[in-house]
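Participant: Here is how the chains run, residue by residue.
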Amino acid sequence: MQLLKTLCQLPAPAGEEAKLTTFLLNYVQEHGPSWRQPPLLVHDENRFQDCLLLVFGQPRTAIFAHLDSIGFTVRYGHELIPIGGPEVKTGYRLVGKDSQGEITCTLVVEEETEALSYEFSRLIETGTSLTFACDFRETDTTVQSCYLDNRLGVWAALQVAETLEHGIIAFSCWEEHGGGSVPYLARFIYETYGVRQALIADITWVTQGVKAGNGCVISLRDSLIPRRRYVERIRAIARAAGLAHQLEVEETGGSDAKDLQRSDVPWDWCFVGAPEDEVHTPDEIVAKVDILSMVALYTELMREL
Amino acid sequence: MQLLKTLCQLPAPAGEEAKLTTFLLNYVQEHGPSWRQPPLLVHDENRFQDCLLLVFGQPRTAIFAHLDSIGFTVRYGHELIPIGGPEVKTGYRLVGKDSQGEITCTLVVEEETEALSYEFSRLIETGTSLTFACDFRETDTTVQSCYLDNRLGVWAALQVAETLEHGIIAFSCWEEHGGGSVPYLARFIYETYGVRQALIADITWVTQGVKAGNGCVISLRDSLIPRRRYVERIRAIARAAGLAHQLEVEETGGSDAKDLQRSDVPWDWCFVGAPEDEVHTPDEIVAKVDILSMVALYTELMREL
Amino acid sequence: MQLLKTLCQLPAPAGEEAKLTTFLLNYVQEHGPSWRQPPLLVHDENRFQDCLLLVFGQPRTAIFAHLDSIGFTVRYGHELIPIGGPEVKTGYRLVGKDSQGEITCTLVVEEETEALSYEFSRLIETGTSLTFACDFRETDTTVQSCYLDNRLGVWAALQVAETLEHGIIAFSCWEEHGGGSVPYLARFIYETYGVRQALIADITWVTQGVKAGNGCVISLRDSLIPRRRYVERIRAIARAAGLAHQLEVEETGGSDAKDLQRSDVPWDWCFVGAPEDEVHTPDEIVAKVDILSMVALYTELMREL
Numbered sequence: 001m002q003l004l005k006t007l008c009q010l011p012a013p014a015g016e017e018a019k020l021t022t023f024l025l026n027y028v029q030e031h032g033p034s035w036r037q038p039p040l041l042v043h044d045e046n047r048f049q050d051c052l053l054l055v056f057g058q059p060r061t062a063i064f065a066h067l068d069s070i071g072f073t074v075r076y077g078h079e080l081i082p083i084g085g086p087e088v089k090t091g092y093r094l095v096g097k098d099s100q101g102e103i104t105c106t107l108v109v110e111e112e113t114e115a116l117s118y119e120f121s122r123l124i125e126t127g128t129s130l131t132f133a134c135d136f137r138e139t140d141t142t143v144q145s146c147y148l149d150n151r152l153g154v155w156a157a158l159q160v161a162e163t164l165e166h167g168i169i170a171f172s173c174w175e176e177h178g179g180g181s182v183p184y185l186a187r188f189i190y191e192t193y194g195v196r197q198a199l200i201a202d203i204t205w206v207t208q209g210v211k212a213g214n215g216c217v218i219s220l221r222d223s224l225i226p227r228r229r230y231v232e233r234i235r236a237i238a239r240a241a242g243l244a245h246q247l248e249v250e251e252t253g254g255s256d257a258k259d260l261q262r263s264d265v266p267w268d269w270c271f272v273g274a275p276e277d278e279v280h281t282p283d284e285i286v287a288k289v290d291i292l293s294m295v296a297l298y299t300e301l302m303r304e305l
Numbered sequence: 001m002q003l004l005k006t007l008c009q010l011p012a013p014a015g016e017e018a019k020l021t022t023f024l025l026n027y028v029q030e031h032g033p034s035w036r037q038p039p040l041l042v043h044d045e046n047r048f049q050d051c052l053l054l055v056f057g058q059p060r061t062a063i064f065a066h067l068d069s070i071g072f073t074v075r076y077g078h079e080l081i082p083i084g085g086p087e088v089k090t091g092y093r094l095v096g097k098d099s100q101g102e103i104t105c106t107l108v109v110e111e112e113t114e115a116l117s118y119e120f121s122r123l124i125e126t127g128t129s130l131t132f133a134c135d136f137r138e139t140d141t142t143v144q145s146c147y148l149d150n151r152l153g154v155w156a157a158l159q160v161a162e163t164l165e166h167g168i169i170a171f172s173c174w175e176e177h178g179g180g181s182v183p184y185l186a187r188f189i190y191e192t193y194g195v196r197q198a199l200i201a202d203i204t205w206v207t208q209g210v211k212a213g214n215g216c217v218i219s220l221r222d223s224l225i226p227r228r229r230y231v232e233r234i235r236a237i238a239r240a241a242g243l244a245h246q247l248e249v250e251e252t253g254g255s256d257a258k259d260l261q262r263s264d265v266p267w268d269w270c271f272v273g274a275p276e277d278e279v280h281t282p283d284e285i286v287a288k289v290d291i292l293s294m295v296a297l298y299t300e301l302m303r304e305l
Numbered sequence: 001m002q003l004l005k006t007l008c009q010l011p012a013p014a015g016e017e018a019k020l021t022t023f024l025l026n027y028v029q030e031h032g033p034s035w036r037q038p039p040l041l042v043h044d045e046n047r048f049q050d051c052l053l054l055v056f057g058q059p060r061t062a063i064f065a066h067l068d069s070i071g072f073t074v075r076y077g078h079e080l081i082p083i084g085g086p087e088v089k090t091g092y093r094l095v096g097k098d099s100q101g102e103i104t105c106t107l108v109v110e111e112e113t114e115a116l117s118y119e120f121s122r123l124i125e126t127g128t129s130l131t132f133a134c135d136f137r138e139t140d141t142t143v144q145s146c147y148l149d150n151r152l153g154v155w156a157a158l159q160v161a162e163t164l165e166h167g168i169i170a171f172s173c174w175e176e177h178g179g180g181s182v183p184y185l186a187r188f189i190y191e192t193y194g195v196r197q198a199l200i201a202d203i204t205w206v207t208q209g210v211k212a213g214n215g216c217v218i219s220l221r222d223s224l225i226p227r228r229r230y231v232e233r234i235r236a237i238a239r240a241a242g243l244a245h246q247l248e249v250e251e252t253g254g255s256d257a258k259d260l261q262r263s264d265v266p267w268d269w270c271f272v273g274a275p276e277d278e279v280h281t282p283d284e285i286v287a288k289v290d291i292l293s294m295v296a297l298y299t300e301l302m303r304e305l
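The listed protein sequences correspond, in order, to chains A, B and C. If you read the first sequence in our numbering, its first letter stands for residue 1, the second for the next number, and so on. If you read the second sequence in our numbering, its first letter stands for residue 1, the second for the next number, and so on. If you read the third sequence in our numbering, its first letter stands for residue 1, the second for the next number, and so on.
Everything labelled a hint here was simulated from the structure, so no lab data went into it. Among the clues, some could well be false.
Covered, in the sense of this in silico footprint (three residues per stretch, anywhere, with C-beta under 8 Å from a C-beta of chain B), are these stretches of chain A [to be verified]:
id : segment
1  : 217–227
2  : 237–251
3  : 256–268
Taking beta-carbon pairs under 8 Å as the criterion, some of the chain C residues facing chain A (in silico) [said to hold, decoys possible]:
id : residue
4  : A133
5  : D135
6  : G209
7  : L220
8  : L224
9  : L243
10 : V249
11 : V289
Now the in silico label distances, taken between C-beta atoms and shown as ranges [unchecked claim]:
id : chain 1 : residue 1 : chain 2 : residue 2 : range
12 : A       : A115      : C       : Q29       : 35 to 45 Å
13 : C       : K89       : B       : L3        : 51 to 61 Å
14 : A       : L25       : B       : K5        : 54 to 64 Å
15 : C       : K5        : B       : G253      : 34 to 44 Å
16 : C       : K5        : A       : A115      : 39 to 49 Å
17 : B       : E45       : A       : L40       : 38 to 48 Å
18 : A       : T90       : B       : N214      : 37 to 47 Å
19 : A       : T113      : B       : S223      : 26 to 36 Å
All of these numbers come straight from a predicted model, not from anything done at the bench. The beta carbon of each residue, even a glycine, is placed where N, CA and C say it ideally should be.
Could you put the whole structure together from the sequences, leaning on the hints where they help?
Facilitator: Here it is as C-alpha cells:
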C-alpha cells in the first residue's frame, strides 16, 4: 500500500493535476517494461493536457480513472470556495503553497452562513489551491485517507495494468469539477483504436444497499442511466467468474461517464468500483477486501469484454 | 390507431429501448418497400447503439423522434427512483419483469417525504425497470394512454415516412433522462449527408397559450432558444400552406434539441409537435385533430425546407 | 466611443444576432484592409450560422467575444420570460418590433410572484423579443449603457484587431442563454489552424475583490476551473509587461469557456476582461481606464502566447 499512500499524498486538485501526471509517467516508465504487456504511453500536453493514456495490445475496452481531487481555492482575504464538492467541518487541516512558501492551515466553517475560511499565521495569496492534509491510516482490514476517491481507482488500474494484455487505461482530469478531459480522450480512443466500451474505475458510496466488505460495486445507474444491455454483460461476466460483487442503484451522483454519455461517440459505459464511507472528507475509508475485489473484477472484465 | 396502441404498449424506458427498436426495424422492413420512396435503414449496434435511422432520397432535413419513455428503477427493498420525470400518484399500475417473472405492481407515494415505493406480492430484484401499465383509450376525438410522449411522435414520423421523398427520420434514445444518442446521430447525419436542419417530433404541453384541438404546435423556444431565422422559415411555410398550427413560448422544458444545440455541428432546429394534457402520467391525452395536423405539417415542412 | 455606442444600440438577443453580425461584417470589410494585417473573414451561414471569424496571419491563440445579449420574450398576453439572466425592475424601458410595428414599452415586475409583464398601448405578438432601450452615457472616466456585456468585449477585440499580426477573433452567439455556437467554432478553429489556446473577451463583475479602475481582470476561475498552467503563463506575461491587472476568483458564473471546457478539443482557456457594475441592467458601467487596460493586455497576450 506504499504506492497508494504516495498517490494520496500528492496534491492534484482539479485543474492542477500536472504533478500527479508526472509521477505516474515516471512510475509507468520504470515499471511498465516488466509488466506482462508493456504499454504504449500516450502523453502530449498539446493534445491531452495533463492526461495520460496507457495502451496495451489490441484494446477492446478502456478504463477511465480520474486523477484530480476535490479541494478549495483561496478567494479574497480569508475566504475559501470549494473545488468540486468537499465535505466541510471546522478543524480540517489543509495544505498548499504560494509564492511565500508552504502552507498548513485550518478550515473554518461559519455556522450560520456555512461560509468557508481559513485560519493561518498570514494571508494566503488569492487563487491558491488548498487540499486536505493527508493522514494515511492502514489496519488489517481497511485503508483510510483523504482522496481514496480516486487515488484508489488509479492504484487499482495500475494493479490491473501488471497483467493486462489488451486494453486502455485513461487517467483523466477535472472529474470532480465538471469534467472536460474525457471528451477528447474518448474521441481519440474511438478514432485511433475503435474502442467504445468503457469501465469507470472510481470510488462509490457505502449506502443502505451497498455495504463495506461485500465486494466491488457494479452500478446499474446513478444520475445517468447506462445502456442496460452492456451492464448486463458485465454482470454476467462477474457471475460466471464467481466474483463477489454488489449492485448499486442511485438517483444522484455522476462520474467521468457523464462526458462519455454526452459525447458524439456511441460509448457503452459502466461504473465499477469499491465503496467508501466518509465520502469527500479527510477520512475516506475502504475495506481491503473490496479493494482486492475491485482488482479481481477489473482483471476479469478486461479479459472477457 | 392500432400501430400507435402497439407502440404505447411496448416498454422502452431510457436505456432499454432495444425491443422497440427491433419492432420498428421489422415494421420498416415490412412496410418500407411499398412507401413512395423506400428508405435506407441505418442500424448498427456498434455505431448507433439502439437507435435507428431511415434515409430517404437526397435528404435536406432530419426528423428526430425519441423512442424512450419515463419510468422507474427498483432501488433497494421496496424503493423506487424515477427514470426521467414521471408524475407520481399512489395507485398507478406499473409493469416489468425480473428473473422471477412478470410483474404488475402498484406505485405508492409517501405523503410526507414523497418517497416512492411499490406494493407487490414479492420483492422485485434491485435494478429492475418498471413502466406505466398501458391502458389505451380512443374516442372519436381523442387518444389517451401512457407514453403518447413520444410514441405518438414516432407514429407521426412513420405516417410521414409513407410519402416522404427526401429526408431523414432518426429514432433516438435516452431523451427523457438527459440524452446521449443525438450527439452521435447528429454527427453522422451531418458528416454523411451534409444535413443540418432538424425538426424535433415530440409531444408538448397544453397550457394557457396552447389548447387541445387548435393544431400542431411550432415552439418558438423552451429552456433553449433556436435560431430565429430558421423558426421563421418554418412559420412561413405553415402559413403559406394554410395549415392550422399554434405557437408556443416557454421558459422551461427541453427535447432532443438540447443535444443538437450543444453539438459541434451548426444545427438549426425547431420543436414541432402535438400538445398533450396529463403530461407524464398514464393518462396522457391528445386530440386527434392535432395528430392529423402534426402529420400534415411535417409532410409540408419536409417538402419545403 | 461612437463605435461602442452603435454596438450597444443594435438589438441582438440570443438567437437573433444576425443584424449585429451583418454590421460587423460590413465594418471589417470597410476597415480591415487598412489594419496592420488584414484578416481573412470566415462567414458562411450554413457552416457558422450567425457567427463571424477573423483570421490574422498564422494564429496561435483565439479570442472569443460573444455577440448576443440578454433580453425578454413575449409569452402569451402580457407575459414576459427572460432571455439569459436579466436583472428586472419595474420601469425599465424595453424595445422591439413585431409585424404591427416598432415597440417601446415598460417592464413590470409583480412584487409577490416576481412574474414579468409589459405595459404597452397594444398587445405585442407572442414570441416577440424585447431588449433594454439603450441610453448610452459617457463621462471623462466611465461609459454606461445596457449591453456593455458584451459589446465592450466585441469593441475591445476590434481595437486589438487593428494591430494584430497573428491570431483569431471569433464572434460567437447564444452565450447568454446556454451557448451552442462555440462548440463548432472551436472544432473548426482547431481542425483548420491547430489553435487550442483561448482568451474569453467578456465583461465580468465588480466585487469585493475586483474594483472599478484597477485594471483588466484575469480570472483564475468561476464556476469552472481552467488549467492552472495556462493561467499562470497569462499572469506571467501581464507581469513581465508591467500591465495593470487584477485577479478574480469566483465560485459562480460562466462564459463561452464552458463550451470550450466541454468540447472534445483540448482547449486551454482563460477569461480576461474589464469589470462592470450594475451587471445585466440597462445601466452597466465600466471605467475607461479598465477598458484601455483590457485592450493593452489583449494586445500583449496575443503577441506573447
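Participant: Against each hint, give a clear statement of whether it holds in the structure.
Facilitator: Status of each hint after checking the structure:
1. 217–227: Per the Cβ count (7), the hint holds.
2. 237–251: Since three or more residues must qualify, the claim that chain B covers the segment 237–251 of chain A holds, with 4 doing so at under 8 Å.
3. 256–268: Contact hint for the segment 256–268 of chain A vs chain B: holds, 7 residues under 8 Å.
4. A133: violated (35 Å)
5. D135: Where the cut-off is 8 Å and the nearest Cβ of chain A is about 32 Å from D135(C), the hint is violated.
6. G209: Holds, because the Cβ-Cβ distance from G209(C) to chain A comes to roughly 4 Å (cut-off 8 Å).
7. L220: Result: holds, 4 Å to nearest chain A Cβ.
8. L224: This interface hint holds because 6 Å falls under the 8 Å limit.
9. L243: violated (18 Å)
10. V249: Nearest chain A Cβ about 5 Å off; hint holds.
11. V289: Because about 21 Å separates V289(C) from the closest Cβ in chain A, which is outside the 8 Å limit, the hint is violated.
12. A115(A) x Q29(C): 35 to 45 Å: violated (52 Å)
13. K89(C) x L3(B): 51 to 61 Å: holds (54 Å)
14. L25(A) x K5(B): 54 to 64 Å: holds (60 Å)
15. K5(C) x G253(B): 34 to 44 Å: holds (38 Å)
16. K5(C) x A115(A): 39 to 49 Å: holds (41 Å)
17. E45(B) x L40(A): 38 to 48 Å: violated (28 Å)
18. T90(A) x N214(B): 37 to 47 Å: Violated, since T90(A) and N214(B) (Cβ atoms, about 60 Å apart) do not stay within the stated range.
19. T113(A) x S223(B): 26 to 36 Å: Distance hint for T113(A), S223(B) holds at roughly 31 Å.
When the structure is compared with the earlier hints, violations turn up for hints 4, 5, 9, 11, 12, 17 and 18 and for no others.
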